Amino acid sequence: MNNSIGEYLRLKLRSRNISNKEAGASIGLSESAFEKVLMQDDIYASRLVKLSELLKENLLEYYYKIEPIKSLILVEKNEHKSALRNLSDKIELQKQVIDSKEELLMTQRKYILELETRLKK
Numbered sequence: 315m316n317n318s319i320g321e322y323l324r325l326k327l328r329s330r331n332i333s334n335k336e337a338g339a340s341i342g343l344s345e346s347a348f349e350k351v352l353m354q355d356d357i358y359a360s361r362l363v364k365l366s367e368l369l370k371e372n373l374l375e376y377y378y379k380i381e382p383i384k385s386l387i388l389v390e391k392n393e394h395k396s397a398l399r400n401l402s403d404k405i406e407l408q409k410q411v412i413d414s415k416e417e418l419l420m421t422q423r424k425y426i427l428e429l430e431t432r433l434k435k
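The sequence shown begins at 315 in my numbering and counts up one residue at a time.
A portion of the hints provided could be inaccurate.
[Unchecked claim] With a straight-line Cα cutoff of 30 angstroms, these simulated DSSO-like cross-link-like pairs (lysine-lysine) come out:
no., residue 1, residue 2
1, Lys326, Lys391
2, Lys379, Lys364
3, Lys415, Lys404
Keep in mind that the hints were calculated from the coordinates and are not lab data. The structure displayed is predicted, hence computed values, not measured ones.
Based on the sequences and whatever the hints tell you, model everything.
Following this line, the structure appears as structure tokens:
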């Protein structure tokens with residue numbers, strides 16, 4: 315990761331034209347105290363959450379590209395894909411079962427009609 319979280323945050327704020335004074339106020343800091351926060355390599359998660367609300371953007375995504383979080387997210391994503399494939403396969407099997415049952419019902423109705431017709435004769 316080239317940028318520190320502070321630099322990443324600074325870029326996000328500038329892209330939305332949010333001043334350091336406004337950002338600092340959102341986390342209970344003065345403008346000068348907030349500028350010091352932007353110089354840090356680590357920022358409290360609670361502050362990132364509040365700043366995410368201000369930006370209406372998930373600032374924690376910054377960490378998604380850093381190991382081991384990147385690998386953990388990839389594993390979780392692959393597990394979700396696998397589970398989704400599994401569920402899709404089960405749905406397809408259930409559709410096939412329903413189709414075969416509907417076909418059986420149609421055949422049974424046909425025979426019932428045929429038998430009713432024979433009984434009336």
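Cross-check of the supplied hints:
For the hint pairing Lys326 with Lys391, the CA-to-CA distance comes to about 26 angstroms; that is within 30 angstroms, so the pair holds. Note on Lys379 and Lys364: the hinted pairing holds, with a Cα-Cα distance of about 21 angstroms set against a maximum of 30 angstroms. About 16 angstroms separates the Cα atoms of Lys415 and Lys404, which keeps this hinted pair within 30 angstroms; it holds.
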